[in-house]
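Please model the entire structure based on the sequences and the hints provided.
Residue numbers (our numbering): 178 to 424.
Source of the hints: derived by calculation from the structure; they are not laboratory data.
Backbone N, C-alpha and C define an ideal beta-carbon position, used for all residues, glycine too.
Among the hints, a few may not be true.
[To be verified] Below are the SDA-like pairs computed for lysine to any residue, each with C-alpha atoms no more than 20 Å apart in a straight line:
hint	residue 1	residue 2
1	Lys398	Thr206
2	Lys204	Gln406
3	Lys223	Val248
4	Lys355	Asn183
5	Lys355	Thr260
6	Lys355	Arg263
7	Lys204	Gln305
8	Lys223	Met399
9	Lys204	Leu304
10	Lys355	Asp186
11	Lys355	Leu377
[To be verified] Computed spacing ranges between beta-carbons, pair by pair:
hint	residue 1	residue 2	range
12	His237	Arg344	44 to 52 Å
13	Met288	Asp193	32 to 40 Å
14	Lys239	Gly194	47 to 55 Å
15	Asp198	Gln376	14 to 22 Å
16	Lys239	Lys204	37 to 45 Å
17	Asn188	Glu384	38 to 46 Å
18	Tyr412	Lys355	15 to 23 Å
19	Leu375	Ile273	28 to 36 Å
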Amino acid sequence: MTQIRNLIDENGKRIDGRGADELRTVKITVGAVKNADGSAFIEFGKNKILAAVYGPREVHPKHMALPDRCVLRCRYHMVPFSTDTRKNPAPSRREIEISKVMRESLEPALMLQDYPRAAIDVFVEVLQSDGGSRCAGITAASVALADAGISMHDLVASCAAGKVDNRIVLDINDEEDKEGQADMPVAYMPRLEQVTLLQLDGRLAPEQFDECLEKAIGGCKMVYEIQKQALMQRYFGNETELREEVQ
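Here is the structure:
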């Protein structure tokens, strides 16, 4: 008989040492790809993801252009060495689905009507995967769009919560995703208080659903602050350091 492993110990610590409400370490570097119009590199736990934005630019083929708004195109891709076992470099059904989800998560934040008959292309490359890569990818893509100077209502921050050992926890990692009971990725615009992505893999009681959503939105707000700090450092870092020296 196979013994079921406990993912949370008697002290409430998870397998990576975090508490139930702790986010993994998140680090965002803006402007990582020099030949892109905007870019960001994110380390979200052990996830390492690169996002690059090109555009607004002319649409090819031209019949795909829209007269009243811009076309947003997103491509999420995992490189063959990003997982424990070599991944086929061809796009999988999961990657195609996440590309669609990513586009739908980002569109509400963009003022696409400002760029009629144009296209914005977002490329997200997962270099190393550790659970929650779609949330990390959306977070990086939003920062890259801001870096490209695209007109936006707000940044989109993304984080997941889930159910592990019958407890609701924030930001589940790869092992918790595979062995846990539920996973809820959420994308959120904090300034507008608008959810742009809500998915659920697993089963939750109604009160657990509410707790999980509230915890995920709380995680998005924490990620949002990191996004803003990364952009401030990119564009005002030297001024901030100089101001501190003067004071």
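Comparing the hints with the structure gives:
{"no.": "1", "hint": "Lys398 / Thr206", "in the structure": "18 Å, holds"}
{"no.": "2", "hint": "Lys204 / Gln406", "in the structure": "10 Å, holds"}
{"no.": "3", "hint": "Lys223 / Val248", "in the structure": "32 Å, violated"}
{"no.": "4", "hint": "Lys355 / Asn183", "in the structure": "13 Å, holds"}
{"no.": "5", "hint": "Lys355 / Thr260", "in the structure": "14 Å, holds"}
{"no.": "6", "hint": "Lys355 / Arg263", "in the structure": "18 Å, holds"}
{"no.": "7", "hint": "Lys204 / Gln305", "in the structure": "14 Å, holds"}
{"no.": "8", "hint": "Lys223 / Met399", "in the structure": "18 Å, holds"}
{"no.": "9", "hint": "Lys204 / Leu304", "in the structure": "15 Å, holds"}
{"no.": "10", "hint": "Lys355 / Asp186", "in the structure": "18 Å, holds"}
{"no.": "11", "hint": "Lys355 / Leu377", "in the structure": "14 Å, holds"}
{"no.": "12", "hint": "His237 / Arg344: 44 to 52 Å", "in the structure": "50 Å, holds"}
{"no.": "13", "hint": "Met288 / Asp193: 32 to 40 Å", "in the structure": "39 Å, holds"}
{"no.": "14", "hint": "Lys239 / Gly194: 47 to 55 Å", "in the structure": "54 Å, holds"}
{"no.": "15", "hint": "Asp198 / Gln376: 14 to 22 Å", "in the structure": "21 Å, holds"}
{"no.": "16", "hint": "Lys239 / Lys204: 37 to 45 Å", "in the structure": "40 Å, holds"}
{"no.": "17", "hint": "Asn188 / Glu384: 38 to 46 Å", "in the structure": "25 Å, violated"}
{"no.": "18", "hint": "Tyr412 / Lys355: 15 to 23 Å", "in the structure": "39 Å, violated"}
{"no.": "19", "hint": "Leu375 / Ile273: 28 to 36 Å", "in the structure": "20 Å, violated"}
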